[in-house]
Every structure is written in C-alpha cells, then in structure tokens.
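Engineer: Read off the chains here:
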Amino acid sequence: MPLIIKDEYPEKLFREDGKRLDGRDKNELRPIKMEVGVLENADGSAYLEWGNNKIYCAVYGPREVHPHHLAKPDRGILRVFYRMATFSVFERKRPAPGRREKEVSMVITDCLKPVLFLELYPGTSFEVFINVLDADGGTRCACVTVAALALADAGIPMRSLVTAVAIGKIDGELITDLSGIEDKAGEADLPCAMTWFNEELSLLQFDGKMDLDEFNESLGLAKEAISKIYEIQLNALKKKYIEIQEEYSGGEK
Amino acid sequence: MMNIKRVISTIEKNYILSNLKKGERIDGRDIWQYRDWNVKSNMIASAEGSAEVSLGKTKVITGVKYDVGAPFPDLPNEGVCTFMAELLPLASPLFERGPPSEQAIELARVVDRGIRHADCVQTKKLCIKEKKAVYIIFVDIYVINYSGNLIDAGGISSLTALISSKIPEGKWENDEVVWTGKYLTGDTLVNELPIVSTYGKIGDIIFSDPSLPEELVCDGKISISVTEDKITSIQKSGFATFTIEEVEMLTKKSMEFGKKTRKDLNLWQYKL
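For the record, the sequence lines run as chains A and B.
Reminder that position 210 of the first sequence reads as 210 in the working numbering, one-by-one numbering, no gaps.
Reminder that position 25 of the second sequence reads as 25 in the working numbering, one-by-one numbering, no gaps.
No lab work stands behind these hints, which were simulated from the structure alone.
Everything hinted at is true.
Under the rule of at most 30 Å between Cα atoms (straight-line distance), these lysine-lysine pairs were calculated in the DSS-like manner:
# : chain 1 : residue 1 : chain 2 : residue 2
1 : B       : Lys132    : A       : Lys6
2 : A       : Lys209    : A       : Lys184
3 : A       : Lys239    : B       : Lys57
Going by beta-carbon spacing under 10 Å, a handful of chain A positions derived as facing chain B:
#  : residue
4  : Pro2
5  : Tyr56
6  : Phe81
7  : Phe87
8  : Phe90
9  : Arg92
10 : Asn131
All residues carry an ideal CB built from backbone N, CA and C; glycine is no exception.
Let the hints inform the model, and build the full structure from the sequences given.
Structural biologist: Written out as structure tokens, the structure is:
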C-alpha cells in the first residue's frame, strides 16, 4: 500500500523571486558543519551536517584484514561501507544494504584511494564506515568529504584531503549543491570530487542531460564550490588540535 | 593498536572488582548511580519521529517510520509496531558489519518486550480499517557509540522517538487510504512509559548501569522493565546466576528507578 502522504515534487524548482525552493541563490551552498574526533572507540572519526544531511564516519586501521584471504601481500586495502539508516529517507529503507549502497561504497573507495599510501601498509586494511542518518541529496559528495576528514583524524598519512560537491541543472539553469528535491526533480546531477595534491577529479558521475558548454561550465562551478568546502574541512581539522593545544597550555596560546 | 581496547586485562578486571567490593566504581560512581542522561528529539527531518540519547558516553539514535499494510489475521483491528537495532561498526571495534548479531537482536527484543507488554504503543488506535489497513510502525535503533548499557539507552530513545512522532492520519474512503490532513502525535501513539533498568553482576556484587569495562568483565546482567506499578519484562543474560532475594531486591530497585527516571527525564516534553 502507498504511504498516506505522497512524495511529490513541485513543477517549478525556482521561486518567483529567482531563488531556489530553500531560499538559496544558484551557486550558494547549504550550511555545512563539520567536526572531527566525535567517536571515542574509532581510530578516527568525523561528523558532518550538510543542509539536512547528517552523517557519521569512523575509520579503523591499519588493522588485520578480516576475512584473511582479502589481504594483499604488497599493499594495504581500503574498504568503505556506505550505509543509510532506515529512517534517513522518505519511505523506510530496508535494513540490509541494497545495490545502491554497494555501488556508492565502491565509488567512494575509488575516490579516496589516490590520496592514501596503501603501498606502505602491506597485509593490512583500512576500514571506513559511513552512516547516513538523515539524507537530503548529495550524500555521496558529503560522504567523500567526511570520510577524508575521518581518515585524516585517524592520523593516516595522506597526500591531501578530498572534497566533493554536486552540480546540477534545474529548470534549464546550472546550480551548485543539489538538495534532495532538486536531485529527484531536476534535469541533471554531476557529483564530483577533487584530490587536492594534484587538483584532479577522483570522483565523477553524471546523470541527466547537459550540452558541452554547460558541462564545462559545471566543472568550473564545482571547483569554486569545492574550494569553499575545503576551507571548512581544514578548519574542522585544525579546530581539534587548537583545542588540544589550549588544553595543555592552560588556555595560553 | 585497536587490540588493546578489545580485551580487558586481568589487572583491570581485578581493579574493577576490588573497587566494587569497597562499594566504589572505577568512574567514581556509587553502586546504584546512573551516568548522566542527555536526551534530544526530532533531529532527523526524514523520520516521523527521532531521538538521540546519551547515557554517559553511550550514544544511540532512534528513528520512527511508518507504513500502511494489512493487519495480522488474528488481530484484524490492531496496528503493528516493530523494533530493530543495529550495532554500527563505527560505535566500537567489537561490532562487526553484516547481518544483525545476537547482541543486536537481544537489544531490539528486550526493548520491544518492555514496551509491548506495558501496553505502551496503542496498537488499537493504529487501525485505519478493520481487516484492510493498519499502520506498521518501525522503531529503528542505531548505536553510534558503545560505552556499555545499550538496553537502557535504547529503551529511553525508543520511547522518546515514539513520543516525538508525527504520523499522517489516514481514513478509509472508496477502498483506499486517504490523508485527513491531520497528524497522529505522541499522545495518541503512546500510553504508558515503561522504563528499563539494567544491573550487572560480578561474583556476588550487583551494580546498576554497567559501563563498558564493567560490561566486558561482568558475569552477567539483568534488565527489568517496569511501568508505574507493574513489571513488564525481564531479561537475564550472561552466565551469572541470581538468588531469589537478589531478584526481589532488583525488581524493587527498578520500580524506584522507573519512578525517578520518569520524573527526571519528563519525556512528555518531547511531544510535538
């Protein structure tokens, strides 16, 4: 039986005053809050609120590979487990991981691998657990961003952080950072992530329709947005160490 | 590095035990003292109801979702309320990914039984049309940080999530369910407030609200759910055995704890 209230989208995704449904300008990001070291039992952890997205991420590693046959004699392995809570979406998600979750896990693994020195850790594994508790569009980008932070928090050597954002097209216009409704009702969705050590794209997916000019412009918009998110990421990482420093110096800098 | 956290050394076990013998806890609490509660509600926009509950450093997040379906043939005019718990690997290196572990199933079942037998969720009010359509309420518990005593934290967070729920009200019209435009809130869903309290036992010493190291070394635990005047469910786990006198003493303690906690946490304040 269908749910009592239906998941319907409005016809127009821009309001009369030219702003988006949530009141944002075309290239305005949603409010982003990041925090590291939030979980005491993990080697590294981070929490992210990005609009209505609420995501916890924990990193364990380097640690023994389980099951053992997955271990590689010449390098460590990275495994990412992206999971959505049953109540994170409009219609309750089944508890077991679905095809989408497995695909997104793989995409995030591939996106994070370039920044790690896996060859320095033969026979071990790094495990990244990402749990989306509330989802509102752009979760894979949010997950890449928060996973990079958790890896850094775990003290794992990295070439750089990774930062991601989604660019989309609604009512024929390019917009930055799609919300849930804009993702479902819009015309195109382009999630991408950048590794900062070489400033190259390490996650790139595209669904929808754009012409070449729009696509190229999107990548420019993405770089601009990613730079802003990178600042927030860096500040979240630094904040933890500033707090530790203050604690040990008795408040003096 | 992580392996250190996985096992409790004999020295730490002896330290916990010798402290308990003196009536002290390693974290400075006395034998019957609980860690601090911290309750937040309605942080998950996508859920019909939600709660984030911390008991000391233990943290669980619970969300409520609904579905509409056919009732069970033997209960044609009653809705259904199901509980699920997941021990997320991010909460502790002791938790592994994969299908629910015994511990996760126990957590969901004990919370479920405490609430079910207390006549807490008003399943008769969750019927839209007899034999045709009833609400199915899902209460899903996610453990975010494991620092002992998940059952008590799970119980309070489930109650809070149910109380803070807002579920669209449906009516039966022309053989289908339509929305009345109104919502069912916590006072329709929830009647009694069952409170579960857990006690650990090492040797012949019993204490309440076991923390993680205490839980790892204890011989067994007992969880008792109570309403204002009745016991609604008990779960003994682990290899410890309890004397009849001990069980009687603990049920009395649980009643007192239930009354105090119901008053202190004032869960009805989270109703929308």
